[in-house]
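Model the full structure from these sequences, guided by the hints.
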Amino acid sequence: MSTDPQALNTAESSEVVLSEDIVFSQLAQEGDIDWLLCRHATTGETFVLATAASEASVFQVTQLLKNEYALRASLAESWAVKPLRHTLFKGRYALLYKPFNYRTLADVLCTPPGSIPEFLGRATMLCHALGMAHQQGLVHGDIKPANFFYDDEGAVYLGGFGLSFIDNTLLHSSRLPAAGGTLAYMSPEHTSRSAHPVSRISDLYSLGIVLYELLTGRLPYGRAEGRHAEWVHHHIASEALPPHHIRPEVPLVLSSIVLRLLAKSPEYRYQTVEGVLADLGRCAGTLMPDGLIAPFPLGLQDAGYAPDAQCTDHPQAAAILAAFDEVSSSGKHSLVAISGAPGAGKSSLIGSSLKLLRNKKALLTVVKADQHSPVLPYAVFTAAFRTLVLHVLGLPAQEMTYWKTHITHLLGEYVGLAVNLVPELGILLSQKAAVQMHPHPLDAKDRFNLVACNLVKAFTASGCPLVMLIDDVHWADRATLLLLQNLLSLSEDIPLLLVITYRDSVSLPCPTIVSNLDRIRACAARITDITPEPLSEKSIADWLAGRFHTRSAATAELAQVIHEKTAGNPLAIREVFRQAVQDGL
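When we follow my numbering, the leftmost residue of the sequence shown carries the number 1, and every step to the right adds one.
If you are wondering where the hints come from, they were derived from the structure by calculation, not from laboratory data. For every residue, glycine included, the Cβ atom is placed at its ideal position computed from N, Cα and C. You can take every hint at face value.
Derived BS3-like pairs (lysine-lysine); straight-line CA-CA distance at most 25 Å:
#1 K457 / K332
#2 K355 / K264
#3 K538 / K565
#4 K368 / K66
#5 K66 / K432
#6 K432 / K457
Pairwise CB distance ranges (calculated):
#7 E225 / S19: 39 to 49 Å
#8 T43 / T124: 32 to 42 Å
#9 A322 / A106: 47 to 57 Å
#10 L508 / S536: 21 to 31 Å
#11 Q431 / A76: 38 to 48 Å
#12 L508 / A322: 25 to 35 Å
#13 V17 / P99: 14 to 24 Å
#14 E153 / L88: 32 to 42 Å
Here you go:
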């Protein structure tokens, strides 16, 4: 297939085969990724290729590049370095891009800090690129100088989407961190020492480090070559020296903007890129010839902090907490089944329970089944355990070694099969996947059942119950539904709390789902059924008070209006509230 750049831009999503007359030259190596300039010897046409830099990094880099390619529909060439096609290069997975100059913000940081007007101009362009990603619902996950690219005209483009994900609050509200991020720029939420989920506000912390470095010429704390444990400590506990203490000519208000981005707890940071841009714009507009900027209150155009998008503090969450306490004390599994019509509050109930469970000694993994995702065998189960494995990979070396030994022992001869099921296990256990499975591996269900049970046993061995929350389980693949059924049959004496949400029988997508769910319920030793009730006016008022950081007659009046319009339906509440905010209420 042609690798002409025009063809790359218009062809279908199948894999490109590189022609033999292409000449490759290295543009750069960033981490474990090689960037190559590719030129057709006959036509002179060029494009850019990204692939693993070494054999040792192939698995990890392939996962990053595949994730970036999967998100390409959310990227636009006006603000992002967008992959156009994928291919194989020397047997390794690779992405293809339109030709561009490989010049990044990291190159700019090699020079002395510029003037304050230059800083404001660059900072505004960085914020704009990140803001475009956030508008698409993306959390970037690895904001750093090397992921901001400049073209010949000085425009900024954001790249490096290997750790990015669509910002789904429920899916990422587990206590477990998202893995990855570059040590010097990762947020406290990435360290596994924070109770907050990784979100777009985490990107703003990383942006704060980038702006600090751009403004002062140095990192706010630590050494670039510091160890993992050192960086975790810095991001959790170290305070940055105010930029104006390093460069006296930095206006105090500009110093305060950067420090606000570096707040350890998300609620004290800027909440949106738009809030940062508004304050930077005010700085640029009021900058005096002598370099002074008159002080002003920060964040006036920023959104209020919202720990999640759901109407939380749902009173029925107490039933889930009670089921957890029973599992914790008895050491036996339990099932919580939450059913209701679309929009009735099932996801809201999950969000409420997560807030309570984060204060417990437990491992949490949260998955939302998606009707639009490809139907792959065991996809939901794989996603649940991927979160757990990524958590272990982020632990200190001694703890990670313990988990590696323990999981290897429990899996025994089925290690290869487990790696097939959860590829990230291959990194942790230093094992390769077993011989390629049959495309429809349900005939091997006994082995998969054993692997699943042993994985659950492994992650509960530390004395912490395992809590698996699967939202919209009715959209899960059939293999996962069968696996959940057999998991409950074989694991009564394992401290597992399985929480599932699904539509009521009237709203289920097909009749066979009913029988599958009934079989899962029948296999549970203990079961708690919950049908979400409408939220009261008081619950809405409490939620609004949290959103606005105040409890007043105005919030009480708004709660009454919202309750009257929605009858307490959580989905309708969010829509009415969103519309009220858009209308400037």
